[in-house]
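Below, each chain spelled out in residue letters.
2 protein chains.
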Amino acid sequence: MKFSPLVQELIDSLKCLPGVGAKSAQRMAFHLLERNRRGGSKLAHSLSKAMVDVGHCQQCRNFTEHELCEICQSPKRQLATTLCVVESPGDVLAIEQTGEFTGKYFVLMGHLSPIDGIGPDDLGLDILAKHFASGQFAEVILATNPTVEGEATAHYIADLAQEYQINMSRIAHGVPVGGELEYVDGNTLSHAFSGRKSYQM
Amino acid sequence: MKFSPLVQELIDSLKCLPGVGAKSAQRMAFHLLERNRRGGSKLAHSLSKAMVDVGHCQQCRNFTEHELCEICQSPKRQLATTLCVVESPGDVLAIEQTGEFTGKYFVLMGHLSPIDGIGPDDLGLDILAKHFASGQFAEVILATNPTVEGEATAHYIADLAQEYQINMSRIAHGVPVGGELEYVDGNTLSHAFSGRKSYQM
Ligand SMILES: [Zn+2]
Ligand SMILES: [Zn+2]
Numbered sequence: 001m002k003f004s005p006l007v008q009e010l011i012d013s014l015k016c017l018p019g020v021g022a023k024s025a026q027r028m029a030f031h032l033l034e035r036n037r038r039g040g041s042k043l044a045h046s047l048s049k050a051m052v053d054v055g056h057c058q059q060c061r062n063f064t065e066h067e068l069c070e071i072c073q074s075p076k077r078q079l080a081t082t083l084c085v086v087e088s089p090g091d092v093l094a095i096e097q098t099g100e101f102t103g104k105y106f107v108l109m110g111h112l113s114p115i116d117g118i119g120p121d122d123l124g125l126d127i128l129a130k131h132f133a134s135g136q137f138a139e140v141i142l143a144t145n146p147t148v149e150g151e152a153t154a155h156y157i158a159d160l161a162q163e164y165q166i167n168m169s170r171i172a173h174g175v176p177v178g179g180e181l182e183y184v185d186g187n188t189l190s191h192a193f194s195g196r197k198s199y200q201m
Numbered sequence: 001m002k003f004s005p006l007v008q009e010l011i012d013s014l015k016c017l018p019g020v021g022a023k024s025a026q027r028m029a030f031h032l033l034e035r036n037r038r039g040g041s042k043l044a045h046s047l048s049k050a051m052v053d054v055g056h057c058q059q060c061r062n063f064t065e066h067e068l069c070e071i072c073q074s075p076k077r078q079l080a081t082t083l084c085v086v087e088s089p090g091d092v093l094a095i096e097q098t099g100e101f102t103g104k105y106f107v108l109m110g111h112l113s114p115i116d117g118i119g120p121d122d123l124g125l126d127i128l129a130k131h132f133a134s135g136q137f138a139e140v141i142l143a144t145n146p147t148v149e150g151e152a153t154a155h156y157i158a159d160l161a162q163e164y165q166i167n168m169s170r171i172a173h174g175v176p177v178g179g180e181l182e183y184v185d186g187n188t189l190s191h192a193f194s195g196r197k198s199y200q201m
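As you go down the protein sequences, you meet chains S and L in turn.
Its first residue numbered 1, the first sequence is counted upward by one per residue in the working numbering.
Its first residue numbered 1, the second sequence is counted upward by one per residue in the working numbering.
Keep in mind the hints are simulated off the structure, nothing from the lab.
Check each hint, because a few of them may be wrong.
Identical copies go unnamed one by one, so any copy, or any two together, can satisfy a pair.
[What the hints assert, rightly or not] Subject to a maximum C-alpha distance of 30 Å in a straight line, what follows is the list of computed DSBU-like cross-link-like pairs (lysine-lysine):
hint	residue 1	residue 2
1	K76	K15
2	K130	K23
3	K23	K2
4	K76	K42
5	K15	K130
6	K42	K130
7	K2	K76
8	K76	K130
9	K49	K15
10	K130	K2
11	K23	K49
The structure displayed is predicted, hence computed values, not measured ones.
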């Protein structure tokens, strides 16, 4: 015996979500069916629209349902000479929320990972090379994650940028603001020390 | 700045799933958009069908897209004289998988919970009373979870069954106190069934 066909199909489909196994999928299906059909129908609608209509921005590769994303369309950013390379759309959002950066982005949608078969082409590095070649950008900020894969990806892109004689910078690693020194891992602390700056009174 | 409208809408919609907060919803949306559009479209399709077409079995309240569920339709069970009352469809599946029980079920779809405003009517106890009144059932097995709410619900149903002079039993042996029925292994559940005792008011 299984659940009724439609319920079983719903449970099976929910398992395509990352981190959702058989038991969670079952709990989700029952919750929607019993307590939130409106939410379930809304999700169905959003999903089917997004899966069909959301593509990648032709300039920065971020998700968008238009040819260009909001940032690439923005007149204020048209003449930006700084390009910030990040791994994911969430990174763009986080950086935008600081209000510190007014240049353009390039979203890799991942990082180099030979084990998973993810190479330069999967990250759109051919498109990135065209941006470098265009002459628009004087500086590229390598803002990939400070992980092994993120560092390797930053290194690969730095090699590429160098061919076009573009200035490169890497976001600073160190003790997070508000963090406590004794709880920061040794590697981060090393970075914090080697990247120390002259103290301004 | 937010994500593009369709992406933001997808993230917001995913938050209707139990246990899914803003960060998980974002991760799920990116995963589907970047790595599994087919899975996402399939989920959209399953969801929209299930939300519209899945209802409750008119006899046992389990989820089904027909008037009666597979078990209630089964000729083998038509003359069953034992009724097993459980909290959720997952419990029915777990009990069916032991192969020990050949009677009928009644699925409460929850338990009494005054704090959440869930009373007897929300659990279909009016329909259950009609089953008791029909004279078909000689015994009711109270198979709600061995939690505080499950015990209270069992007690309430026992009161009801007593009015109709139906024998009551409560599954007992092997189910860990404080545990949830659907997560118990089949062997333990078999023992719980064969070791059931007459319910003491
Ligand atoms: Zn863009
Ligand atoms: Zn039924």
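Going down the list of hints, with the structure as the test:
For the identical chains of this complex, K76 and K15 are neighbours neither inside a copy (42 Å) nor across copies (33 Å), given an alpha-carbon limit of 30 Å. Neither within a single protomer nor between protomers do K130 and K23 lie at most 30 Å apart by alpha-carbon distance, with minima of 47 Å and 33 Å respectively. For the identical chains of this complex, K23 and K2 are intra-copy neighbours only, at 14 Å inside a copy versus 33 Å across copies, given an alpha-carbon limit of 30 Å. Taking the closest pair of Cα atoms, K76 and K42 never come within 30 Å of each other, the shortest separation being 35 Å inside a single copy and 40 Å across copies.
Taking the shortest alpha-carbon separations for K15 and K130, neither the intra-copy value of 39 Å nor the inter-copy value of 38 Å comes in at or below 30 Å. Taking the shortest alpha-carbon separations for K42 and K130, neither the intra-copy value of 40 Å nor the inter-copy value of 36 Å comes in at or below 30 Å. When the C-alpha separation of K2 and K76 is checked against a cutoff of 30 Å, the pair qualifies only between copies, where the shortest distance is 17 Å, while the shortest distance within a copy is 57 Å. In this assembly of identical chains, the alpha carbons of K76 and K130 lie at most 30 Å apart only when taken from the same copy (21 Å versus 70 Å across copies).
In this assembly of identical chains, the alpha carbons of K49 and K15 lie at most 30 Å apart whether taken from the same copy (20 Å) or from different copies (17 Å). With identical chains, the CA atoms of K130 and K2 are at most 30 Å apart between copies only, with a shortest distance of 27 Å across copies and 54 Å within one. Within a single copy, K23 and K49 get their C-alpha atoms as close as 27 Å, and across copies as close as 21 Å, so both meet the 30 Å cut-off.
Going through the hint list in order, the structure does not satisfy hints 1, 2, 4, 5, 6.
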